Structures are given as C-alpha cells and as structure tokens.
Amino acid sequence: MNGWILAATVVLAVGLGTTLWGVATGPLGRRVVAQNLSTALVCPGLLLLSQGYDRTSYVDLALLLALLGPVGTLVFARLLADELAEEQPRAWGLTWAAAGLGAVVVAVLCAVTGPGRSMVKLLIVGALLVGGNLLASRAMSGGFPGVSRG
Amino acid sequence: MGSESAVTAVTHVLPYLVAAYVFLVGCYGLATSRNLIHAVGCLAVCQSATYVLLLAVGYRDGGTAPVFSDIRPGSRPVVDPVVQALTLTDVVVGATVTALLLALTVQIAKRHGTVDPDELRELRG
Amino acid sequence: MNPRARLWLVVLGGGGLAALLVAACLRLPAFGGPWHPYGDRAVRAALARHIANTIASVNFDQRAFDTMGEMTILFAAVLGCVVLLRQARDEHRDPPEPCEVAAPVRRYALVVLPIALVTGLYVIAHGQLSPGGGFQGGVVAATALHLMYLGADYAALERIRPVEAFEIGDALSASAYLVLGFAGVLAGGAFLANTLLPYGTFNTLSSGGTVPLLNAAIGMEVASAVVVLLARFLDQAVEIEEGSGS
Amino acid sequence: MADAVVVVALLAVAGLATAAVANRDPARQALVLAVLGTALAVLFTVLQAPDVGLSQLAVGSALTPLLIMLSVRKVRRRSAHGKDSKQ
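Chains as they are written, first to last, in my numbering: chain E, -18 to 131; chain P, 10 to 134; chain G, 282 to 527; chain S, 1246 to 1332.
Bear in mind the hints are in silico, worked out from the structure with no lab data behind them.
Check the hints yourself; a few may be wrong.
Stated by the list, open to error - Partial list, computed: chain G residues near chain E (C-beta under 7 Å):
| no. | residue |
| --- | --- |
| 1 | Asp375 |
| 2 | Ala384 |
| 3 | Thr400 |
| 4 | Ser411 |
| 5 | Met429 |
| 6 | Leu431 |
Bear in mind the structure is a predicted one, so any value in this text is a computation, not a measurement.
Backbone N, C-alpha and C define an ideal beta-carbon position, used for all residues, glycine too.
Use the sequences and the hints to build the structure in full.
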C-alpha cells in the first residue's frame, strides 16, 4: 500500500461515511446536499486511486463522475423543486470545502504528472468537478423558481 | 499470530458475506414494501449484490485490470476479465429492466389509482 | 395473509436462506486467490487478437453470442416500455408551459451538454483500448441529451431529440449486430466469429478485427434505447394528462 | 492491510444498501440509490474492474434516479388529480 492509496482510503472513508449519514437521515434538503457532496468527495478519491494503482486509464472514471454526478443532482433539484423551495437548502461552507479538496487533489496530481495529455485530462476533470459542484448547489437553492409542472 | 490469521480469514470471506447481506436486505425490503416504486428500488439493491459477488470471485491479490492500453502485457498480474464482462452487460441491462418494471408500476397506478400492493390485493379480492 | 404472518414467513425463509448463503460463502475459494483459469486463458486469447481491453474482447469476440442475448433483452425491455407507456384513449396531450430556470443553471447545461456527448463518443470509440465501450458510452451520450430538459425545458429537448429517428436507430443498430454476425458465416467462419477483418496493430483504434464494429453497434443501440425509454417516461410525467379532450 | 480500501468500500455499500431499503419514501430512496451507485463504482474500482465501474457510474448516478423520479412524479400527479376530482 502506498501513500496515494492511503490518502484515497481516508478521503473515501470520510466522504462515504458522512454522505451515508447525511443522505439517510434528516430533512429532504439535507439529503440532496449530501448527494451532491458524495460526487465532490468521491471524485478526488478516484483520482488518488488512479495515481496509487499507477493506471492513467482509471482517470476516465473520475471524468465520468465529475460529468454525471452534478447531472444527477440537477435531476433531484428540478423534480423536487417544490419541496426544496420551502427549505432552501444552503451549505455553502461544506460545498466550498469539498470544492477546495477537489482543487487541491487535482493540483497535487498535476504537479506529480507533469505537463502532457494526462495533465490536460486532469485539469478538465477538476474544472468539471468544481464547476458542477458549485452549480448544483446553486440549482438546489432556488435554481428552478418557475417550475410548477414541466 | 492468532488475531492476524483471524483478520485474514475475515477479509477472505467478507466480500461474499457483504454480497449475501445486500441480497437479503433487498429481499426483506421487497417483501415488506408498501409502495411498488420502493419495491423496484429494493430489486435494484438485490441486483447490486450479484455484481459484488461476481467481481469478488474474480479478484486476485495485487492484481490490476486486464486493460493493456497503459501497461505492458505480462508486466503485472491481472484479475479475471470474464466475470467483469458478465457484470458489465448486467449493469446496463439491469437498468432497462428496472425501467420496464417502473413502466408497469405507472400503468398500475393509472388503472387502479394506487401503488400499494396491499390495497391492490383488496381491490382484486 | 395478514402482514404479521407475512413478516414471520419472510423472517423464517430469509433466515434459512441466510444460513445457506453463509455456509456457501465459507466454502468458496478465498477472496483474492491466485487461481483464475478462465481469466488467464481469456487474456491470452485477447492478446492473440491484438485487443488491448480484455473485457471488450470477452464481450464482443469470445462471448459475442451472449452479448447478442443481452442486446435482445435490452431491445425487448424498451419495446415493453413503449407499449406500456403509450398514450391511452382516455388521455390527451397537454404541452407544459416553458419554465423559468436560473441563468447559471441554463448556461451550465448548454456548456456541459456537448462535453458530455463528446465524452460518450470517446468512451464508445476507445472501447477496445481503455476502460469503456458501447454499453457505458451509449448511456452517457443518451443522458447528456437530457441535460436539455434539466437545464432548459421540455420543448427544447423535443426539438433536439426526434424520437422516431432514435427508434429507427435502435432497430438499425440491433440489425447491424446481426448482419455482422452473419457476415462471419458468409465469409466461411461461424456466426459472430472474429475472422472477417485483419487484427491490425495492437493498441490502435482500428485493432481487433470486428470488435470495434460490434462495439459501435452496441453503443448506438444502447444510446437509442435509453433515449426512447426516457422519452416515454418524460411524456408520461410531463405531457400526458388524464381525461379526453382539453 | 493492503485491503483497507476494499473493506471501506464494502462497508459503505452494505450501509447504503440498508439505508436504501429503510427509506420508504421513493424520492428519498432514489437519493440513497444515487449515492449507492457511486459507492458501488468505488468498490468496482478497488476490485480492479474499471469497465464495470464506468457502467455503474453511467447508470447509477443519473439514469436510474431520473427514471425513478419521473415515475414518482407521474404517480403523485395522478393521485393529486384523483383527489381533486373526488372533492
């Protein structure tokens, strides 16, 4: 076991543990926030695993999660807009912390990889992850003001 | 020494036990469900147990994926690709079967105005 | 049967099943063991045919006939959904009014949609090289289209997604798989045998004989199937209303 | 100790499966299923099956939740409609 896998284990244990607790209990708003955080915390874990196993092809997994995770959150934000409008879930502290974690992991991995095609891919994953995460947070707190049915 | 062998014994069967547990939990949810959409979700949980079992059978300690686009063939031990191929198609086909069951649920809701299996039984009997 | 008796039955049956499963688990070969005879042979066969991703080789070459079965299940499930979720006689269509979406959400959807589509195509195209393939890429590409519904509104989605075209695409790609299989027979081999085309250079896009073609057919099939499926569900959830006439 | 990450992923999957069954409201269950899909993708990655992980991510993170939520919406709208007409 090398340091990368150890770091990934810690990130995944903390990330999956907190999201399990957040998504299974409490009001609906908190659950959607937890679902969004699961993307933001698992994706850096996958990137660290890819580095730990020394397999660049595993980065595809992180790319797909960074793309589709926020889409999943948008599904809930849109189809539960009525319920969420009452709660207006806000967790900007947590969201920025998770986005920061993603940015730090991507920066460290870029520094290790060095310039090249894999670095471009890492930067795309990072941009999609941070952007999607912040946007999904925005969407669930009043992103669909006029959705009554449609 | 004794505790160490106990730990390895646990890690040697833990994945199988988790697969069995996930399957049983899904079955329990299916049997006690009061909402057909919830029951379909429980069936999805049962399906995921089969993925865990198949992939656990194919794992090899210290192995890596049998995908040679970024490593030289033969340079590292690889895990079993056959079970992975089985699981891979299973995941996507499982999702469409879930969709088919949800379509049936929507149709039941239209016909009978409820998705509670107990109320449906009363309607019929 | 009252719920209490049913619960007891479940606990009894589940307990018995649990005991049997645990007994079976304890007798299975240990997790992570070194003995994988089928796996080792599959890897050797894949390398002999210049396919870098052994899983794609198993799916589209060594067990291509099984994949045809999976494809048939997929096709039948979609057909079932289309039949079940058609517009009934006592229902009418009521197009939803365009909805208001916050500007950043709309912009995000419009930026990410092409990226997700390209990623889906990339995953399909590199199926026989890196992790990925028709099954995964097809789902990604089809999901990407529905960002139009999530980020804009239903009318916008309907403009970029003609369902009839995707229904035809579904049927065409399913038959393309069969045609490729029969081409093997006509060339003097067996059904779906990978003897038709040269194997090419290892680890390039065109390597692996018929594997990239079958992979592309499955990718198109899955993408069209998912689009058709979601279109039926969206119709029901958003547009079709009860009661005849409006 | 090399299997620590496997054990973490297995425990997360078991916990999320329990939560998915225990949440009886379909919308809340769909949220748990979305996270369960992500956890399964992590498990498949640590079991060295990136292809299956990709498949699970593609299906579990957006497609299954969308299907379930659309069904929930249809069923809820129907029952709301039925109550209106009864009144």
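Inset, instruction - Would you list, in rising numerical order, the hints stated earlier that this structure does not obey? - result: Per hint list: 1, 2 and 5 violated.
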